[in-house]
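Sequences are here, hints too, so could you generate the full structure?
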Amino acid sequence: MGRLLAKELMDNRVPNVKLVGVSRSTGYLYRVHGLSPDELRGELWDSEGFTKGSALSLMRERAFDVLVELTPTNLPSAEPGLSDVRTALSNGIDVVTANKAPVALHYRELTELARSTGTLLLFDATVGGGIPLITLRRLCMRGDELLSIRGILNGTTNYILSRMQFEGLTFELALREAQNMGIAERDPSLDINGYDTALKLLILANALMGLEKGLEDVKVVGIAKVTQEAVAAARESSMSVKLIGSVDSDGRLLVAPRLVKANDPLCVHGTLNAITFKFRLARDLTLIGHGAGEPTVAALLNDLHQVVEFRLRGTVSK
Amino acid sequence: MRQRVRLTCALIDRPGTLLRVLEQIALAGGNIISIVHNREIITSGYVPVSINVEFPDLQSLERARKGIEGVGVPVMGAESLEKQMVMAIVVGGVRLDSLLSELELRGYRVIESSTRGFGESLTVKLLMEVPADKVSELHEDLTSIAERYGALAVSEV
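Quick mapping for you: the protein sequence lines, in order, are chains S and L.
Mapping the first sequence onto the working numbering, position 16 (from 1) lands on 16, and the numbers just tick up by one.
Heads up: take any position in the second sequence, counting from 1, add 1000, and you land on the working numbering.
Hints listed in this document are in silico derivations from the structure and should not be mistaken for laboratory results.
Glycine is no exception: its CB is placed at the ideal position from the N, C-alpha and C atoms.
Warning: the hint list may mix true and false statements.
Here's a subset of chain L near chain S, in silico, CB distances under 7 Å, partners left out [to be verified]: (1) M1085; (2) M1087; (3) V1091; (4) L1105; (5) R1116; (6) T1123; (7) K1125; (8) G1150; (9) L1152; (10) E1156.
Far from chain L, some chain S residues (derived; all Cβ distances over 12 Å) [said to hold, decoys possible]: (11) A63; (12) S77; (13) D144; (14) L146; (15) R311.
Rendered as structure tokens:
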């Protein structure tokens, strides 16, 4: 995702933003006047000026203005993303992130840190890929009351369950196919066990409904026990088995395989995500879109646009 | 949203008590559908009365409940008369007879059940009639029963 984003930034998709550094776990490359496309074509450590070690020192020196944090989601530590975000915000650097764990597990701490340092923490890329869930709520539905949320928030499990439904594959075969196609990770446990969905649900519950929930508040059941027979039984009744994350009006958070009617707008297949917001006035609003990969880059670009607007005009929908 | 409920109250066997209850329902905007008042059943000095009422919304129901209790009549229950058909699937080694009786005990009427496979790969498909106000609890109840058998409950959203 980092390379995709870098390419978009080099193509000047966000005016006034220049890519000045790229960091990996082994070290970083930083040029105050900006990196060139050639420098990013090969391996980073082959580039002249590659510095071994952590890029946290650059943040402490405030060598740049915006951090795009894209390290993998790690449970339960949320590291190294958590340290990256904390250090950036503490040093007056705005943060745009697609890393779920820091935002899901430390939402209150990080948003208060951002407020106290006058920085932005934008994270629309953490949930729903290219579907602008956070921005939609904050820009378009400000006056309404969000009563509940329900949705398919993980494309990998949706792909597996769809293949079980339409091709009659067993869970194991569908998972292996997803891995071969690069849809599932080599270690798919975060997706299969439901914790990827749980983290996304926490972000939505805390950021959009004003709740203060932790991972311990989410009842999580994954899809590993879903059998071909169960999927077939659902199909006979014009239903599909889907991994659904939900926050109800009493603030109860649940992730579990559920039955969804074929005519429910949430009943999407393949790697699609779908989310239904229930508002008091606007009632049900369902958004459907693609998850991980390029669509997430679209969300990152939009968040970067918001940072630029904030810094140039002093307004943003936080 | 309209709420059709059965209010069960414990009336003191004294003239005028039922009238005071009905006044509170009317004041809250409730429309009485039927009343079952059997003075032959008296338990500890109280007569149970079941009143089927249609309220314009949940807030009206709550106003009526508070009003009735405010005139000294305990409200023993407010059961929804709206029913919803809900499908669920249980995967794993459950005992079907125990599963069905536990669901009935918790107020879920099983209309149809079918099974395929056996042992750990048993799949039980259930169609239940569920009071509208208990639909959100069904998944939790079904999960707690299934988990005792190491099984998975998959209920309709």
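Structure-based check of all given hints:
{"no.": "1", "hint": "M1085", "verdict": "violated, 11 Å"}
{"no.": "2", "hint": "M1087", "verdict": "holds, 6 Å"}
{"no.": "3", "hint": "V1091", "verdict": "holds, 5 Å"}
{"no.": "4", "hint": "L1105", "verdict": "violated, 22 Å"}
{"no.": "5", "hint": "R1116", "verdict": "holds, 6 Å"}
{"no.": "6", "hint": "T1123", "verdict": "holds, 4 Å"}
{"no.": "7", "hint": "K1125", "verdict": "holds, 5 Å"}
{"no.": "8", "hint": "G1150", "verdict": "violated, 9 Å"}
{"no.": "9", "hint": "L1152", "verdict": "holds, 4 Å"}
{"no.": "10", "hint": "E1156", "verdict": "holds, 4 Å"}
{"no.": "11", "hint": "A63", "verdict": "holds, 48 Å"}
{"no.": "12", "hint": "S77", "verdict": "holds, 29 Å"}
{"no.": "13", "hint": "D144", "verdict": "holds, 18 Å"}
{"no.": "14", "hint": "L146", "verdict": "holds, 17 Å"}
{"no.": "15", "hint": "R311", "verdict": "holds, 42 Å"}
In this structure, the hints that do not hold are numbers 1, 4 and 8, in rising order.
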